[in-house]
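These protein sequence lines map, in sequence, to chains A and B.
Heads up: the first sequence begins at 1 in the working numbering, then just goes up one per residue.
Heads up: the second sequence begins at 1001 in the working numbering, then just goes up one per residue.
Hints may contain errors.
What the hints assert, rightly or not - Computed beta-carbon distance windows for the label pairs:
(1) P264/A x P1128/B: 54 to 64 Å
(2) R92/A x V1042/B: 38 to 48 Å
(3) F1133/B x E82/A: 54 to 64 Å
What the hints assert, rightly or not - Each computed SDA-like pair below joins lysine to any residue, with the alpha-carbon atoms no more than 25 Å apart:
(4) K168/A x L126/A
(5) K1215/B x R128/A
(6) K73/A x D1130/B
(7) K73/A x K1174/B
(8) K73/A x S1034/B
(9) K1215/B x L133/A
(10) K1039/B x A1136/B
(11) K73/A x A1136/B
(12) K73/A x R1142/B
(13) K354/A x R274/A
(14) K1039/B x R50/A
(15) K73/A x S1127/B
(16) K1215/B x R1142/B
(17) K73/A x P1138/B
(18) K73/A x T1134/B
(19) K73/A x K1215/B
(20) K1039/B x R100/A
(21) K73/A x W1029/B
(22) K73/A x R1033/B
(23) K73/A x P1026/B
(24) K1215/B x E131/A
(25) K73/A x P1128/B
(26) K1215/B x D127/A
(27) K73/A x L113/A
(28) K1215/B x L89/A
(29) K73/A x F1133/B
(30) K73/A x E1119/B
(31) K1174/B x G1198/B
(32) K168/A x R1116/B
(33) K73/A x T1131/B
(34) K168/A x P1117/B
(35) K73/A x F1132/B
(36) K73/A x W1030/B
(37) K1215/B x R25/A
(38) K336/A x A298/A
(39) K73/A x F1113/B
(40) K1215/B x S134/A
Since the hints were made in silico from the structure, they are not lab data.
None of these values were measured; they are calculated from a predicted model.
Don't be surprised by glycine CBs; every beta carbon is placed ideally from N, CA and C.
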Amino acid sequence: MSLSVHFHGTLGQFALDVAFEAPGRGITALFGPSGCGKTSVLRCAAGLQRLNGCFALDGDVWQEGRTFRPTHKRPIGYVFQEASLFPHLSVRTNLLFGHRRTVGRGVPEHIRLDDVVDLLGLGHLLDRSPEHLSGGERQRVGVGRALLSQPRLLLMDEPLAALDRFSKEEILPYLERLHGVLSVPVLYVSHDIAEVERLADHLVLLRQGRVVAAGPMQELQADPTLPIARMPEAGVTLPAVVAGREDAYGLTLLRLDGGHLLVPGDLGPQGTARRARIAASDVSLARNPPEGSTILNALPARIVAAERQDEVQMMAVVALGEEGRGARMLARVTRKSWDALGLSPGQPVYAQVKGVALVQETM
Amino acid sequence: MSWQPIILTLELAGLTTVILLIVGTPLAWWLARSGAWWKEAVATVVALPLVLPPTVLGFYLLMLLGPNGPGGWLASLWGARSMAFTFEGLVIGSVLYSMPFVVQPIRNAFEAFGDRPLEAAATLRASPLDTFFTVAVPLARRGFLTGAVLGFAHTMGEFGVVLMIGGNIPGQTKVLSVAIYDYVETLQWDEAHLLAGGMLVFSFTVILTMMMLEKRIGRGGR
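The following block holds chain A by itself, in its conformation from the complex (with noise of 0.2 Å):
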């Protein structure tokens, strides 16, 4: 089960020649500035641009030398930037008009309309018209459309790049539901690091028109070489189980690969599946067990790698566990502390973590 994509040509000012082979489950992000060829990327995938190159869904090949498969052809859902509803239908006849073309002709149905009505929350819009509806809804709308026309693929355009802050807290929930539930893999076009950490579970790093980097998140996040290891939000997301609590201090036990972290708040029974995302900035280096501090994480671990960001910052990585066997995390420190405590790679280290985000409950 994977996709295989490989496209090149000359678009506008560049050339884009871009390869990668991402999973045949979860969401793979291709990430990368405005203007790096990724959304072109996408429209080849789905056949609406033609470059030379070939594209394969589990050995089924949809272009390769002069096989070109069209578009409605393709097993694919695809979510445009703005929802791009038809106009003269109403909601559901909108959500129906790809389920009518495929399970309506001998497909087999495995996405039907109650369950998308039900995740993304589409009940009370059924029978209006697209025109009245807010942009979130409306890319609700787009999204359930697609799925309603069961892919094997779903391709999404920056989905949310359209909207204004508001709408896009209200659909991001939807879409981390639909991560968990989801068999289909997904292609997820998108310049907004914070979206991407939210949900893909695959990276492809993008700039102008080439593959900088691919590979898991968690992989990528963690090298210090790439340039969202520059961004000054990076950092990195690890999943975690809830291990135990600290009733009396409304704490919770999370274990993550190597160590455990106590964070606020009640996350739910033992067992519950989280992620954390853990900035580089949250993140210092001690060389001794801290005594007589407030931070309350402090995880032993050893500096696996280092790389000078610019005058007065280092980005390290660490991999937790005394041994260094654990999950990396980035630490953003300044090059006096560094060279003060005489830090190097191998090193065992305590990494102190100041703040822990949790942002999604993987299934």
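For this one, chain A is given, so just place chain B on it according to the hints.
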């Protein structure tokens, strides 16, 4: 006064409009969507009757439809001498003469909604033909309404072309506008008044209805 010219005119305008919708829709689609470099030349030919004096158009049509033109040859197939001065000839002339009034609004409507709805339909497994009928045509319905009404009304009022290729044969080519001219020539003022007044009321009603319908459709979608 005879009802014949009125019935004949309605027949001519109705038939012309139907033919124009059938021929003009694919033409408008092609003009709206094609990337061919010579499409504007075609668009110009379609638009020519807007500027050309009807007599000029009528003159060339007479050449084409007459016994020495291709129309004459065509007519010889069923034993006639010429297609000029026949109802069929009038229909051909009217189709050409009213074409820009039908093609232009439909083309504009096809261009107005852009590529996106068509792309969205394709990603939802609609074939190009399916997309055309279930997305493009409904989205362009205002253009169709405007085109049909303008084509019909314009054909009803045509005079110059009719006079050149149709003449004045009762029940064959004697349409309203020619009949009015005829009444005036023969000083039958009452009959002329009735027909002219009728045309005035008709035109007013057509335009008013169209504007109101457009408003309604405008509110319904788009």
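These are the hints, each one checked on the structure:
{"no.": "1", "hint": "P264/A x P1128/B: 54 to 64 Å", "result": "57 Å, holds"}
{"no.": "2", "hint": "R92/A x V1042/B: 38 to 48 Å", "result": "41 Å, holds"}
{"no.": "3", "hint": "F1133/B x E82/A: 54 to 64 Å", "result": "24 Å, violated"}
{"no.": "4", "hint": "K168/A x L126/A", "result": "21 Å, holds"}
{"no.": "5", "hint": "K1215/B x R128/A", "result": "20 Å, holds"}
{"no.": "6", "hint": "K73/A x D1130/B", "result": "13 Å, holds"}
{"no.": "7", "hint": "K73/A x K1174/B", "result": "55 Å, violated"}
{"no.": "8", "hint": "K73/A x S1034/B", "result": "22 Å, holds"}
{"no.": "9", "hint": "K1215/B x L133/A", "result": "21 Å, holds"}
{"no.": "10", "hint": "K1039/B x A1136/B", "result": "20 Å, holds"}
{"no.": "11", "hint": "K73/A x A1136/B", "result": "19 Å, holds"}
{"no.": "12", "hint": "K73/A x R1142/B", "result": "31 Å, violated"}
{"no.": "13", "hint": "K354/A x R274/A", "result": "18 Å, holds"}
{"no.": "14", "hint": "K1039/B x R50/A", "result": "24 Å, holds"}
{"no.": "15", "hint": "K73/A x S1127/B", "result": "8 Å, holds"}
{"no.": "16", "hint": "K1215/B x R1142/B", "result": "9 Å, holds"}
{"no.": "17", "hint": "K73/A x P1138/B", "result": "23 Å, holds"}
{"no.": "18", "hint": "K73/A x T1134/B", "result": "17 Å, holds"}
{"no.": "19", "hint": "K73/A x K1215/B", "result": "38 Å, violated"}
{"no.": "20", "hint": "K1039/B x R100/A", "result": "36 Å, violated"}
{"no.": "21", "hint": "K73/A x W1029/B", "result": "23 Å, holds"}
{"no.": "22", "hint": "K73/A x R1033/B", "result": "21 Å, holds"}
{"no.": "23", "hint": "K73/A x P1026/B", "result": "24 Å, holds"}
{"no.": "24", "hint": "K1215/B x E131/A", "result": "16 Å, holds"}
{"no.": "25", "hint": "K73/A x P1128/B", "result": "11 Å, holds"}
{"no.": "26", "hint": "K1215/B x D127/A", "result": "22 Å, holds"}
{"no.": "27", "hint": "K73/A x L113/A", "result": "22 Å, holds"}
{"no.": "28", "hint": "K1215/B x L89/A", "result": "18 Å, holds"}
{"no.": "29", "hint": "K73/A x F1133/B", "result": "18 Å, holds"}
{"no.": "30", "hint": "K73/A x E1119/B", "result": "13 Å, holds"}
{"no.": "31", "hint": "K1174/B x G1198/B", "result": "17 Å, holds"}
{"no.": "32", "hint": "K168/A x R1116/B", "result": "22 Å, holds"}
{"no.": "33", "hint": "K73/A x T1131/B", "result": "13 Å, holds"}
{"no.": "34", "hint": "K168/A x P1117/B", "result": "23 Å, holds"}
{"no.": "35", "hint": "K73/A x F1132/B", "result": "16 Å, holds"}
{"no.": "36", "hint": "K73/A x W1030/B", "result": "23 Å, holds"}
{"no.": "37", "hint": "K1215/B x R25/A", "result": "49 Å, violated"}
{"no.": "38", "hint": "K336/A x A298/A", "result": "21 Å, holds"}
{"no.": "39", "hint": "K73/A x F1113/B", "result": "23 Å, holds"}
{"no.": "40", "hint": "K1215/B x S134/A", "result": "24 Å, holds"}
Consistency with the previously given hints fails for numbers 3, 7, 12, 19, 20, 37, ordered from lowest to highest.
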